[in-house]
Amino acid sequence: NAGVTQTPKFRILKIGQSMTLQCTQDMNHNYMYWYRQDPGMGLKLIYYSVGAGITDKGEVPNGYNVSRSTTEDFPLRLELAAPSQTSVYFCASSQTRADTQYFGPGTRLTVL
Amino acid sequence: QKEVEQDPGPLSVPEGAIVSLNCTYSNSAFQYFMWYRQYSRKGPELLMYTYSSGNKEDGRFTAQVDKSSKYISLFIRDSQPSDSATYLCAMTTNDYKLSFGAGTTVTVRA
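Chains P and Z are the protein sequences, given in the same order.
Be aware that the first sequence starts at 1, since it is given in our numbering, and climbs by one per residue.
Be aware that the second sequence starts at 1, since it is given in our numbering, and climbs by one per residue.
Treat the hints as calculated values from the structure; they're not laboratory data.
Keep in mind the model is a prediction, meaning the values are calculated, not measured.
All C-beta atoms in this analysis are idealised placements derived from N, C-alpha and C, irrespective of residue type, glycine included.
Take the hints with a grain of salt, since some may be wrong.
What the hints assert, rightly or not - Label pairs and their calculated CB-CB ranges: (1) Ala29/Z / Thr7/P: 18 to 24 Å; (2) Arg77/P / Ser53/Z: 38 to 44 Å; (3) Glu57/Z / Lys14/P: 49 to 55 Å; (4) Arg108/P / Leu11/Z: 39 to 45 Å; (5) Glu3/Z / Gln95/P: 24 to 30 Å; (6) Pro83/P / Lys67/Z: 24 to 30 Å; (7) Ile12/P / Asp58/Z: 36 to 42 Å; (8) Thr7/P / Pro8/Z: 28 to 34 Å.
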């Protein structure tokens, strides 16, 4: 049981490039989340999903897109990378909305 | 004003000391309160989960919630070097959107 896995661990992008951050969970959780963590700012919710085919915006969705075609996977897409998107990105999942959220190890992204 | 305020520290204590961490919040609708521990370059992991005002104890950890003052605390007794981490408070209303504090970095010196 691997829990929540994220790839890649690190990435450097040039301004304007695009990429997809991968997130997979093997706990059969319905709810999945993407957060970004900036120094001194705590975690901010980017997007979330309550099940396959259902996604919605969080607090800071601009510049990102998501999809949820299966229960296990919840990829986050950056279409035109900007320096403001330099951050650490965490994916999380939970069984129900009130349950514990389990976090992945994170992806460190730098946009230059 | 941030919805959740947490002093980022850093906090440095000798081994065996009591670590005291706290957060204040402005949204009176928050009902569920959590403390997450985050080791360097790792994802957060849930440490304590409380609902409503009062105390909850789990081993060396005690979480306190005072909803009338909009104030929550985490105490770590007999602190160990392995407790060195960043501690994040988090809270939510009746939905699944967590509001996090900025995190307090704690170092326990051997």
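*Looking back at the numbered hints, which does the structure fail to meet, lowest number first?*
Of the numbered hints given earlier, those the structure breaks are 1, 4 and 6, listed in rising order.
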